[in-house]
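Quick note, the sequences are listed as chains G and E, same order. Okay, so the first sequence: first residue is 40 according to this note's numbering, each after it adds one. Okay, so the second sequence: first residue is 40 according to this note's numbering, each after it adds one.
Simulated from the structure, these hints should not be mistaken for lab results. Incorrect hints may appear among the rest.
Where chains are identical, the list cannot tell them apart; a pair therefore holds if satisfied intra-copy or between any two copies.
[Claimed, not checked] Taking lysine-lysine pairs in the DSS-like style, the calculated list, with each CA pair at most 25 Å apart, reads:
#, residue 1, residue 2
1, Lys169, Lys62
2, Lys392, Lys62
3, Lys201, Lys62
4, Lys62, Lys391
5, Lys201, Lys283
6, Lys62, Lys98
There are 2 protein chains.
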Amino acid sequence: MSRSAMNLPLGFRFSAAYAGIRKVPKDDLALIVSDRPATAAAVFTQNRVVAAPVELSRKNLRGSRGQARAILVNAGNANCATRTGERVALECARAAAKALGVHAAQILPASTGVIGVEMDAGLVINALPKLVVGLDASRFDEVARAIMTTDTRSKTAFAEIKTGRIVARIAGMAKGSGMIQPRMATTLGFVVTDARVPVALLRSALQRAIARSFNRISVDGDTSTNDMVAVLANGASGVKPPAKAFERALTDVLESLARQIANDGEGARKLVTIEVEGASSERAAETIARTIANSPLVKTAIAGSDPNWGRILSAAGNAGVIFDPRQTDIDMQGVPVCRRGLAAPFSEDELKKKLDEHECLIRFTIRGRGRGRVRFWTCDFTEEYIRINASYRT
Amino acid sequence: MSRSAMNLPLGFRFSAAYAGIRKVPKDDLALIVSDRPATAAAVFTQNRVVAAPVELSRKNLRGSRGQARAILVNAGNANCATRTGERVALECARAAAKALGVHAAQILPASTGVIGVEMDAGLVINALPKLVVGLDASRFDEVARAIMTTDTRSKTAFAEIKTGRIVARIAGMAKGSGMIQPRMATTLGFVVTDARVPVALLRSALQRAIARSFNRISVDGDTSTNDMVAVLANGASGVKPPAKAFERALTDVLESLARQIANDGEGARKLVTIEVEGASSERAAETIARTIANSPLVKTAIAGSDPNWGRILSAAGNAGVIFDPRQTDIDMQGVPVCRRGLAAPFSEDELKKKLDEHECLIRFTIRGRGRGRVRFWTCDFTEEYIRINASYRT
Numbered sequence: 040m041s042r043s044a045m046n047l048p049l050g051f052r053f054s055a056a057y058a059g060i061r062k063v064p065k066d067d068l069a070l071i072v073s074d075r076p077a078t079a080a081a082v083f084t085q086n087r088v089v090a091a092p093v094e095l096s097r098k099n100l101r102g103s104r105g106q107a108r109a110i111l112v113n114a115g116n117a118n119c120a121t122r123t124g125e126r127v128a129l130e131c132a133r134a135a136a137k138a139l140g141v142h143a144a145q146i147l148p149a150s151t152g153v154i155g156v157e158m159d160a161g162l163v164i165n166a167l168p169k170l171v172v173g174l175d176a177s178r179f180d181e182v183a184r185a186i187m188t189t190d191t192r193s194k195t196a197f198a199e200i201k202t203g204r205i206v207a208r209i210a211g212m213a214k215g216s217g218m219i220q221p222r223m224a225t226t227l228g229f230v231v232t233d234a235r236v237p238v239a240l241l242r243s244a245l246q247r248a249i250a251r252s253f254n255r256i257s258v259d260g261d262t263s264t265n266d267m268v269a270v271l272a273n274g275a276s277g278v279k280p281p282a283k284a285f286e287r288a289l290t291d292v293l294e295s296l297a298r299q300i301a302n303d304g305e306g307a308r309k310l311v312t313i314e315v316e317g318a319s320s321e322r323a324a325e326t327i328a329r330t331i332a333n334s335p336l337v338k339t340a341i342a343g344s345d346p347n348w349g350r351i352l353s354a355a356g357n358a359g360v361i362f363d364p365r366q367t368d369i370d371m372q373g374v375p376v377c378r379r380g381l382a383a384p385f386s387e388d389e390l391k392k393k394l395d396e397h398e399c400l401i402r403f404t405i406r407g408r409g410r411g412r413v414r415f416w417t418c419d420f421t422e423e424y425i426r427i428n429a430s431y432r433t
Numbered sequence: 040m041s042r043s044a045m046n047l048p049l050g051f052r053f054s055a056a057y058a059g060i061r062k063v064p065k066d067d068l069a070l071i072v073s074d075r076p077a078t079a080a081a082v083f084t085q086n087r088v089v090a091a092p093v094e095l096s097r098k099n100l101r102g103s104r105g106q107a108r109a110i111l112v113n114a115g116n117a118n119c120a121t122r123t124g125e126r127v128a129l130e131c132a133r134a135a136a137k138a139l140g141v142h143a144a145q146i147l148p149a150s151t152g153v154i155g156v157e158m159d160a161g162l163v164i165n166a167l168p169k170l171v172v173g174l175d176a177s178r179f180d181e182v183a184r185a186i187m188t189t190d191t192r193s194k195t196a197f198a199e200i201k202t203g204r205i206v207a208r209i210a211g212m213a214k215g216s217g218m219i220q221p222r223m224a225t226t227l228g229f230v231v232t233d234a235r236v237p238v239a240l241l242r243s244a245l246q247r248a249i250a251r252s253f254n255r256i257s258v259d260g261d262t263s264t265n266d267m268v269a270v271l272a273n274g275a276s277g278v279k280p281p282a283k284a285f286e287r288a289l290t291d292v293l294e295s296l297a298r299q300i301a302n303d304g305e306g307a308r309k310l311v312t313i314e315v316e317g318a319s320s321e322r323a324a325e326t327i328a329r330t331i332a333n334s335p336l337v338k339t340a341i342a343g344s345d346p347n348w349g350r351i352l353s354a355a356g357n358a359g360v361i362f363d364p365r366q367t368d369i370d371m372q373g374v375p376v377c378r379r380g381l382a383a384p385f386s387e388d389e390l391k392k393k394l395d396e397h398e399c400l401i402r403f404t405i406r407g408r409g410r411g412r413v414r415f416w417t418c419d420f421t422e423e424y425i426r427i428n429a430s431y432r433t
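I would like the entire structure built from these sequences, with the hints used as guidance.
Encoded structure:
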């Protein structure tokens, strides 16, 4: 299962182990280490309730002026709304820094799991020696699996940036299946690249790439307290790519990860792409798409392969965005189902069959001169989502 | 099953019949008639997509300057996003006016059911004679049943206003089970009273009563295209109650109906009351309560009797309202589960048992001087909701 280190960015090593944070004996602690100082940028949750590791990562990035050597991440406990949260995050980061021989401010901690349960720093500290010994350039996929919670699949994505004859590589991983409506940030996502990228460019490229990827997915409309995406650029390839080329490659990687998250939404059987065109602005288009994506009635109709376009139109009407329903067209799976706000003739049986496919496309077009357009991803809403979440904690 | 006409407001008659709009032979058309002109007020959906009967009711209320004689309502077809919608609504209202010998502008039409399917005015017009013949002061409950769609129970509520020795009565009915997050209005609700209420007072009392009742429930966060609550006051009791007494009685009736709707949410097994206290304003409190009420993660936890207060805190953190999580307390079923943003000690087993009860209370308190407080109602989120909605249309 391990990816050849040949295709991964140079100068990064990875390691995962079971530290006893999860109840089940499955890797729950991981390290991503850059062999040299890397420029680093991250985006964080906009939830008012913020987990301790998120606060510390933010602080460390400020303290190091955008430099990092390692990401320390655990699953099984969010370390959020805990009495000892700050101290635990700090102790774990310090122990990792010591074990790696780097500054404590160069460690970015991240956590995911249950909220409100005290976390035992000892478990992390005890597991660190094993973790450090295990560091290897080829263990990328093991880390991607260690950060999974209710995910059914690990999520990874890769890109290359060619500059003349030399190549820089980007590799990303993410986790996330429920509590997914990243806002300005998301779930956990880690991206490493051996391109040489100044920190100011890294930050702005990440902001723009996130806006078009993680901020355009929703599984259930809930934004986690622990969302974080971090990117580390260590320059080991010697390539300093043009800003636009780097941003494009980073966006490709993040968009792929975001789609994989929507596709692996809790209980989901289908990946739903929503395209909105002709809105008054990109923001208006995104708001319409998000409202459709979060409508339980739309998502259950997709689960039932029901071409119920009335629910799509009604959901859009609730977006708080001004548009004329009489100038609105809707297509499902390429089939016109609504023209100028009214039913278009279509074969219900044929469309139902098309909606049984794994990927569903909803196209919402407002006629006229509006130039706001957006693509947004979500999943269908099945009984399995309820089963997973009625018993996740206990 | 019929309620004695003795307990109903004087001077109103009711009738229901099967007109063939639904596929199943169950009453789908109803009339509520005041024997004398009644003052009337109504609130309507804030969805940008608005059904034809909603537009016509709004227009008629304007045209009649707040006078009405009858409400004509059908289930089985929303008459929304239909080519012939306006004409159908107008023809039906005109036919009802003719059959009752009143002005067309004195009819308030309302519809509920599937969106985007053309409605046959002939079915309504053909059924009108039967409907008018059947008008009777005792058939209130039959109308309440005729307007049901996925509802499992009809919803009615009653109040009295005593002024000296004479009594005015208020009787209300509502329908609604899915696509429920009324905003400024709601689902279908009809209230009749034999109190004498000037139209300006009726309007303002309805606005305020709706804000504290229908606007504080959510089943699934979707706002329908056909939402409407109308109140008719015909003065037949001779009582002209004090404004405050009338508003209080009207609020009681609407709050009871709103709770019944949340309680009968699609697939719901539990009624959830959310009390928020200590927010910076009533609006802030309502936003927090609504965000908790719409969180699928909170609602599935309640379905599983899981005291997962971390999800409640996380949901509140997404409300877009400023508050300090470290000053936040959460109680479930009267049991402290979170104090100052941290876990409070409680017996998981005992609380799980308490959460198996039909009514669940979540109390979210922000310490300090904030005076914003609110009560909000929702229901749990079960696999049955998915089953109902994956196949509603076809």
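Verification of the hints:
1. With identical chains, the CA atoms of lysine 169 and lysine 62 are at most 25 Å apart within one copy only, with a shortest distance of 19 Å there and 67 Å across copies.
2. Within a single copy, lysine 392 and lysine 62 get their C-alpha atoms only as close as 42 Å, which misses the 25 Å cut-off; across copies the closest is 24 Å, which meets it.
3. Neither within a single protomer nor between protomers do lysine 201 and lysine 62 lie at most 25 Å apart by alpha-carbon distance, with minima of 44 Å and 63 Å respectively.
4. When the C-alpha separation of lysine 62 and lysine 391 is checked against a cutoff of 25 Å, the pair qualifies only between copies, where the shortest distance is 21 Å, while the shortest distance within a copy is 42 Å.
5. Taking the shortest Cα distances, lysine 201 and lysine 283 sit within 25 Å of each other inside one copy (12 Å), while across copies they are farther apart (75 Å).
6. Taking the shortest Cα distances, lysine 62 and lysine 98 never come within 25 Å of each other, neither inside one copy (30 Å) nor across copies (62 Å).
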